[in-house]
Amino acid sequence: MGIVEVRDLQYTYPNASAPALRGLDLTVEEGEFILLTGPSGCGKTTFCRCLNGLIPHFYSGELGGEVVVAGLSTRDHPTTELARHVGLIFQNPDNQIFALTVEKDVAFGLENLGVEKARMRKAVDWALGVTGISDLRHRATHELSGGQKQRLAIASILAMRPRVIVLDEPTSFLDPVGAERIFEVLDSLNREYRMTIILIEHRMDLAVRHVDRAIVFTGGKIVADGPPYEVFASEDTRLTGVGIPKIVELSKLLSRRGIVFKETPLTADSFVENIETRISRIEAGRRERPVPADVGGLIDEQRGRPIIEVAGVSYTYPSGVQALRDVSLTIHQGEFVAIMGENGAGKTTLVKHFNGLLKPQDGRVVVDGVDVSQVSVASLSRNVGLVFQNPDDQLFSENVEEEISFALRNFGFESEVIEKRVEWALNLLDLERYRKSSPFILSGGERKRTALASVLAWDPEVVVLDEPTIGQDYAQKERLRHFLMQLRTQGKTPIIVTHDVEFVAECRPRIILMADGRIISDGPTDRIMTDMDALKRASVSPPEVTKVFSKLSRYGFPPNVVEVEEAADMLYRRLREVER
Amino acid sequence: MSLLEGLRFSRGTSPVHMLDPRVKFFMTLVIFVAAVMFMDLIPLLLILLIQIPLVIAGEIEREWVKTLRGGIFFSVVIFTTNLVSFYFFRGRHLTSDMVEFALALTLRFLVLITSFSIFFLTTSPDKLSLALEKARIPYELNFAFITAIRFVPVLAEEAESIMDAQRSRGLELDRGNFLARIRKYIPILLPLIINSIRRSLELAEAMESRAFGASSSRTNLYELEMGRRDLAVLIVSVLALLAVLYAKFFMPPFGPLLPPYTFL
Chain C
10 MGIVEVRDLQ YTYPNASAPA LRGLDLTVEE GEFILLTGPS GCGKTTFCRC
60 LNGLIPHFYS GELGGEVVVA GLSTRDHPTT ELARHVGLIF QNPDNQIFAL
110 TVEKDVAFGL ENLGVEKARM RKAVDWALGV TGISDLRHRA THELSGGQKQ
160 RLAIASILAM RPRVIVLDEP TSFLDPVGAE RIFEVLDSLN REYRMTIILI
210 EHRMDLAVRH VDRAIVFTGG KIVADGPPYE VFASEDTRLT GVGIPKIVEL
260 SKLLSRRGIV FKETPLTADS FVENIETRIS RIEAGRRERP VPADVGGLID
310 EQRGRPIIEV AGVSYTYPSG VQALRDVSLT IHQGEFVAIM GENGAGKTTL
360 VKHFNGLLKP QDGRVVVDGV DVSQVSVASL SRNVGLVFQN PDDQLFSENV
410 EEEISFALRN FGFESEVIEK RVEWALNLLD LERYRKSSPF ILSGGERKRT
460 ALASVLAWDP EVVVLDEPTI GQDYAQKERL RHFLMQLRTQ GKTPIIVTHD
510 VEFVAECRPR IILMADGRII SDGPTDRIMT DMDALKRASV SPPEVTKVFS
560 KLSRYGFPPN VVEVEEAADM LYRRLREVER
Chain R
44 MSLLEGLRFS RGTSPVHMLD PRVKFFMTLV IFVAAVMFMD LIPLLLILLI
94 QIPLVIAGEI EREWVKTLRG GIFFSVVIFT TNLVSFYFFR GRHLTSDMVE
144 FALALTLRFL VLITSFSIFF LTTSPDKLSL ALEKARIPYE LNFAFITAIR
194 FVPVLAEEAE SIMDAQRSRG LELDRGNFLA RIRKYIPILL PLIINSIRRS
244 LELAEAMESR AFGASSSRTN LYELEMGRRD LAVLIVSVLA LLAVLYAKFF
294 MPPFGPLLPP YTFL
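Sequences listed follow chains C and R, in order. To get our numbering, take the position in the first sequence, counting from 1, and add 9. To get our numbering, take the position in the second sequence, counting from 1, and add 43.
FYI, nobody ran anything at the bench for these hints, they're computed from the structure. Misleading hints may appear alongside valid ones.
Below 30 Å or equal to it, Euclidean Cα-Cα: the simulated BS3-like pairs (lysine-lysine) are [stated by the list, open to error]:
id, chain 1, residue 1, chain 2, residue 2
1, C, Lys429, C, Lys486
2, C, Lys486, C, Lys230
3, C, Lys361, C, Lys429
4, C, Lys271, C, Lys560
5, C, Lys445, C, Lys429
6, C, Lys271, C, Lys230
7, C, Lys560, C, Lys545
8, C, Lys560, C, Lys261
9, R, Lys109, C, Lys368
10, C, Lys361, C, Lys486
11, R, Lys227, C, Lys368
12, C, Lys560, C, Lys486
13, C, Lys126, R, Lys170
14, C, Lys429, R, Lys227
15, R, Lys177, C, Lys126
16, C, Lys131, R, Lys177
17, R, Lys227, R, Lys170
18, C, Lys261, C, Lys230
19, C, Lys361, C, Lys545
20, C, Lys131, R, Lys170
21, C, Lys361, R, Lys170
22, R, Lys227, C, Lys445
Assemble the whole structure, with the sequences as input and the hints as a guide.
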């Protein structure tokens, strides 16, 4: 019998019209590392809640079938008891930290279980050690970075020594470096301690490198289950609309054109290995191939007037953190810009200067010819719309329509104009259905769209989106990408602040890389995304395709390739000779 | 968020920080009792002078000065209202006694806020909670207390994000008359409240997952242990309390019940 046995699991939330889970069957063997994925609302989170008995003990509703974890049926054993065997780690680290100091928080579960002090001490030390936060043990929990907080959340669960840990999108709020660390921790737990890990994750490219089994959910059912190379190569998975790792996508594009892989590669390394053997076969007889010219990417020649000019700006927060150091940059109308860099690099501080939320302490920011120090946030916002990361930090109205008209009323638009603009924004973001619905009952993706609509409604020239892809599934990201392109064709200036390299590789904006309060690199996507030194300094890892091409550059491939279709074309042209 | 600064205790390792919170609380209580008992300038001044080495030993001079600065306004209010009322109630004339008494009352106020500062600025909520636990306060209450403190910085951050978001949507908090301004806080408060409700649900899930309430005999990673130094401070505090009581009831200048001021 497996460590987790799920038999015909069905569940309907109280007051819900449709079931969230419709008959799941699943066996998890001890020591497996499983990736659980699926589009938003597919039942992944609900499934996690079933694993430690939150369903049915915390959430009522209708439960059918059975879940047995470590030999205990979740129906008969309360969550507090199951907690010793299966640990749940949630998305937002802040909402699972209870104590004021790190060490004390790690001990919280053990204190609740009444573990005696000497044993508790040992378990706490071990948990701090395996998550790599021993040196933080006496720090105040609120002073930690997001990544440190999430590692603390993991340590706090580990201290109870569960045999299974379940993580629900643990890296959503983290930057790539923070996410990578979490994976290192999970890897060592899985390998060294044979801990069973069930992970829900949207960062596919990172996840497939580590897991040994993938399960895809859709509509409360399992549609695919098996080794990742099989699952992600299957048509069933593709149809659910979940993200496919870029390397798998690349291999699929090639195999459709006759370059077939026996086992679909999942990582840049294994892909490169495969391609190398093929190339060396034709290369054997020949010397030196001509090096093809750079593909160059799309260069924007048609530039509008400068709309945002930042000159020598520095900013230090009252806490003493210097967030910007002598930053200068010019953004032209109609440009599409992505600002990237790790958390704390100064990205958000920079964009808050664009609509005057922050005034430069040193230097000057000029927006559309107006010095931001001279005017109010409200008047600057007419030109520069800022959409923040978390829609819940701004939604407050009775219904979506009201929500969208809020800003319009603040700006003093006439009522007929407001009506028209609201109509336009509802249409644009596909929200007409929800016109009279409360924004609070909408799904996460819909709330995000409502927040976006409430800003776009006044038609600002510049639209700044802070982390627009966080928590969004693949289909939602695609929609966002099309939307950004549309803004661009309308002559608007979209600016995104993001960690999502794959998203950026597909959008191909001008990229501004920031590190430690400074701009360290600025240019078109294919140049910045292939500048390994600059990326490293900014703690941004290159897109998967770029990794492949930088490794293949000795075979005469251009190193500045960032996007899948382009990569597939180039590889196909070269490999076709081999396959013949 | 200057208001929240007050809640931030310093995480020091000074001898005052290291004192057992129960002993420290008793010490504070003795100072409190002494300050309330005396109404004359000299003993109150003496108490304040005794407190200064404690402030220095606790390495909280800067915070203390800040607190005093915050207390200036109230000190002035206390001094003037007393003086003015004496003046009017005692036939419109002023004696040096009256000035002295008003000064003494002001000094008493300063002594009290100093003693609270010493206690709260050098006692981490963790230790306070341990002390409460020892005092047999139910764990649930204790947990609520710690959680409230834990989420102060989280809420402050969230409030800031919400303000940024709404200001970016053209909300101008500082325009309009008083009522209009109050109404403008609705778009700030509502998301804050709704987020808190969402959060409380998530917290409850996380608590369950950490076996909250699993065992009736909860254990504790940290334990309060009275050391030799704690004992010494305790003894000194008890002696001081006795001395104060003796002075109050048996030493003539301070009189058993009435203060020495003849005009009262």
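Note to self: I'd like to know which numbered hints this structure contradicts. Please list them from smallest to largest.
What the structure shows: Numbers 17, 21, in rising order.
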